[in-house]
Amino acid sequence: MKDIYESSDKTLIDQLLEEQKAIETPVGRLADDANRRSEFGGGRIYQSLIPTTVPAAGSQYGFEIDLDRCSGCKGCVTACHSLNGLDESETWRDVGALVETEGASSFQQTITTACHHCVDPACLNGCPVNAYEKDALTGIVLHLDDQCIGCQYCVLKCPYDVPKYNADRGIVRKCDMCYSRLSNGEAPACVDACPHEAIKIVVVDQSELRAATGIDTRLVPSSPKSEYTLPATTYTSKRPLNKGLEAADAGSTRVQPAHWPLVFMLALTQLGCGGYAVLWALGDSPSGLRLAVVSGVSWLLLHSGLIASVAHLGRPLKAWRVFLGLGKSWLSREAVVFGAVSLSASLATLGAFGFTFPGTKGSLAATVFLGLLAIFCSAYLYHDTRRVYWRLPTTLAKFTCTTAIGGIALALLFDLATGIATIGLLVSVAVVKMWIERASLRRQGVPLPSSQLVFGPLRSIWRGRLALMAIGIAALSLSSFVPAGVAWGVAGVMALFSGEILERALFFKAVDAPKMPGGFN
Amino acid sequence: MKNGEGVNVSADPDYPVNRGLACPKGWESLSVLDSPERATEPLLRDSNGSMQRVDWDRAARTLVDRFKSIQATYGPDSLAWLGTGQITVEELAYLGALGRFGMGVRHGDGNTRQCMATAAVAYKQSFGFDAPPYTYQDFEESDVLVFVGANPCIAHPIMWQRVMRNRNNPEIIVLDPRATETAASATQHCALNPKSDLCLFYGIARAIIERGAIDDDFIADSVDGYREYAEFVQEFDRERVASETGLSIVEFDRLVNTIVRGRRVSFWWTMGVNQSHEGVRLAQSIINLALITGNIGRPGTGANSITGQCNAMGSRLFSNTSSLIGGYDFSNPDHRSLVSERLSVDVSKIPAEPGWAYDQIIEQIESGVVKGLWIVATNTAHSWIGSDRLKRAFEKLEFLVVQDMYHSTETATLADLVLPAAGWGEKEGTFINSERRIGRARKVKRAPGVALADFNIFRLVARYWGGLSFLEKWDSPEAVFRILANLTKGRPCDISGISGYSALEQNSGIQWPYTGRDCDRRVQRRLFEDGRFYHVDGKAKLLYERPKSLPETVDEAFPFALLTGRGTSAQWHTQTRTSRSEVLRKLYPKNLYMEINPRDAKALGIASGSLVEIRSRRATITASAMVTSAVRPGHVFLPMHYGSTNKLTLPSFDPHSRQPSYKHCAVSIRKHDEH
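The listed protein sequences correspond, in order, to chains A and B. Start counting at 1 in the first sequence, then tack on 1, and there's your number in the working numbering. Start counting at 1 in the second sequence, then tack on 379, and there's your number in the working numbering.
Keep in mind the hints are simulated off the structure, nothing from the lab. There may be inaccurate statements among the hints.
As the list claims (entries may be wrong) - Sample of chain B residues with no beta-carbon within 10 Å of chain A, all distances over it, derived:
1. Pro395
2. Thr561
3. Ser575
4. Asp616
5. Arg642
6. Asn711
7. Gln743
8. Phe773
9. Ser848
10. Phe849
11. Leu883
12. Asp916
13. Lys969
14. Ser1008
15. Arg1037
Claimed, not checked - Listed below are the simulated DSSO-like cross-link pairs for lysine-lysine, each with C-alpha atoms no more than 27 Å apart in a straight line:
16. B/Lys969 to A/Lys510
17. A/Lys165 to A/Lys135
18. A/Lys329 to A/Lys516
19. A/Lys239 to A/Lys226
20. A/Lys165 to B/Lys969
21. B/Lys965 to A/Lys510
22. B/Lys965 to A/Lys516
23. A/Lys22 to B/Lys852
24. B/Lys381 to A/Lys175
25. A/Lys175 to B/Lys965
26. B/Lys965 to A/Lys165
27. B/Lys969 to B/Lys1026
28. B/Lys965 to A/Lys226
29. A/Lys22 to B/Lys381
30. A/Lys319 to A/Lys165
31. B/Lys503 to B/Lys927
32. B/Lys981 to B/Lys969
33. B/Lys969 to A/Lys516
34. B/Lys981 to A/Lys244
35. A/Lys175 to B/Lys969
Ideal placement from N, C-alpha and C gives every residue a C-beta, glycine not left out.
Sequences and hints are given; from them, build the entire structure.
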């Protein structure tokens, strides 16, 4: 019986496989059909959904969302993804929800959100290489992909979590309100695709917007305050949105990326500057080999940190353009000042090794001064994101303490300063720093969301940080009194510095990251 | 298009169904085809239990040999198939004809049993044929829309578009225990107690009759059994309705007033009605309301069941499972001989009864009668109610064949033989949607590996089975379409006027009936415009029955009512496809979540994001809590898309449609211990 299908039926399989491979439908004809139809205006009527005129001076385009028409279908997200040809996992629009979590009434409102094309865009203001442009005519905030160096500072600056880092491309990308579609008189993808015509493009008067934005104005309840960037989106609804509404994702803990290169950059540059500071503070007393070794170690720490920061960039080869944003970007300022620190530190270190140049004298003092200025820039650039956990007083205090710890630890290790007094100083700085680290998690006595992260999902890092600091101090203190003290000392410094690195990882991972209300996840 | 293959999707602005718009699943419909989880070659379980790649010859031969030997050893009841509303009309007709008339498989059913069986039976009993009366245009033409157990904002966003385009400033009434997205958009949301809707509709009928707001002329001409019905509903006074549904009398009166005042009232239902222990009578209580108020056969009216699957209607008419292929009855000898003649099948091969329903097939697997099972394009191990029990039953099968696009579905991983199938976009054929519109599916991509269209897999099996000469003419989807079109001649679903695929393309799809002979050719057509129904007397029947108590009520040990349903618009059913798109994955929560009211959450010490343990009499599972007042105190809600939800659900069935009642069972909740 088997023979019946041996010979002839093998060919049926071949025939079926062949059929399967052939695309019989003249799909090209289908596409042509579609094109021909749209020539006849077979498409939807968009004219009411996009402005018919370009904005007058002082006005710009903005999204207008009719919340009463948004059903949460998320067609806008996928249409934006498809029509803009985004990478597989990339999305420029998002749909979240506001829910009632108190009281008996049942209420929920879905919120579609993309770039708000702010009047005063934080991304643009923070960009170190001027890769953002606010279009003079339309007010659309455009990201210039070819200018971007992938530093991701805009990601931290934007309070709405709009610019998204694309690791494959090494750059950030974001919504451009379908600039090219609008230029051709077509509606943006999301406007075009919304089944319920909930999304419109309207002309917004910038000074009216500015005047209408109070200190507590928000686009919708639980979204970030508008006064920071003056977002140009309008959300309208016939039903007033109760201020107590919560984002559907309010309960989820969002551990932020560690940005390890930045963790090392911040910790190591500060520790290195600490080394120079202690040399400067001790005046002429360190000399010879000790001066050379401490200078050399400080130079290595500082430059390892600087190299690490370059590793953070998606497009490191374009990093030389980082001075372009000097006028407004604290990241540019930090980079430029660190450039100067590097120069003067190199000069000072060469001097310590006996190579002198004009300017060697005074280079140590310059290194310390510029180093402190650079550390201030570091602190300010995080403060400038307006994230509470990164506010200036505690951030600057943490960074300064790290600098001090670096200096004192190196002094102890290389016997520049010894004895109970130095150990006491180290312990005092450590105690102060621990107090600051805890204080940074509260504001006016109230725990910040960051503390839930530090003592929640990040608690093992926090415990490791405490342990390393204690071990470091203990080992370093012992090193003055025991045989084989150098080994103890080296181990102590390593532990202490690792503890600082973990503290800096917490600094990134536990930060509050404001955004528009998201969906439950 | 790129290199002759489709790379991206855009919707056709002139198609009368979606009008140029798509939901996330539509936008991503091509990207789910490119997945490492695709089945690319036949896989056969070896003696060690691991899956080995085999060629089609070996696969087809094994299937045929094993099924024939099971049939020979255990008799004619030992084989069954579980089909689908996912494949094309031509494919499921092929499977139905091959299975029933060719291989002599007595029992075949489809996953439409889980979604549309109730509506199909309800229509058939009431109208004389399984005939959804409406056209989607009715969404735009109503002045009152009543949604019962339906959440179109999430489940049918493109249908909701039509509601939003309604220019009559309509009243939108949503009957749902949950404050869904649709309820949020409604003008009236009646948050009634779960499964109390039968009482509510009888109560509404009584109130309407009391007010004399019935359509006397229509009842006299077109409705059978009115007097008895009017008497029956007398016991459902407003006080009883209020106490059973939990609605206030004010709410109830407002609801009745709105329906009475409406000139074009349409009723729309989905799974909240169909998936119920008394679903058929419930659907009929809605149909009855439309009938006594004359809200049928006119624009903007109707008692309208919306489907979820692309081809549920095709399955209802052509799968040869619960009804004889082409809209006929197995039990009718005239029908059998007509089908025999038109399909050139020996009449002795046509069974006189429909065979077992889905739950009965599972039961017979459990009891060791069914030994060989062929599952096509459905994910039974995830979707069947009380899924733990089902998996135990499957262990008793001697040979399980699963034919699917993906080798990794919960069901495919249990299979002895996996047959790799081409998906939508990789093959030709037609689908029939819930407004009875036959539309084309086109091939725009090549299937991966040696995957074959289901149609061609069936052809292959037919050839290997041997001796099935009546299938010789079934050699292409379009040839089968023409055979089927001819088969329907004279039935309510007569489509003999459609000459072929080009007619469907030229006409933006065609709704049945379409007889050709100077028939109505409008793009939007509704049934019963002349007040004639399909029963012999031309009248529709009013059918009713006293509400039954819930099969499982909440009690002290299991104090919460578990509701289930669709989670987000980016998810579909068991997620065999929607989990394959990175973008869609971003649009829904990764892990199972449970909605719970703030009051209950507080009492149990649960916050949003807390891990909770949910226990029913069948199983215990965990989920993360989402605290929201969208669910009422005493209720919790679980989306159906996650594998563990159906471990909890209670296998109970409507006695008429045998559709499972997924929507209600009793559970207990506690905060999961920290580990």
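Hints numbered earlier in the text: which of these fail when held up against the supplied structure? Of the numbered hints given earlier, those the structure breaks are 2, 13, 14, listed in rising order.
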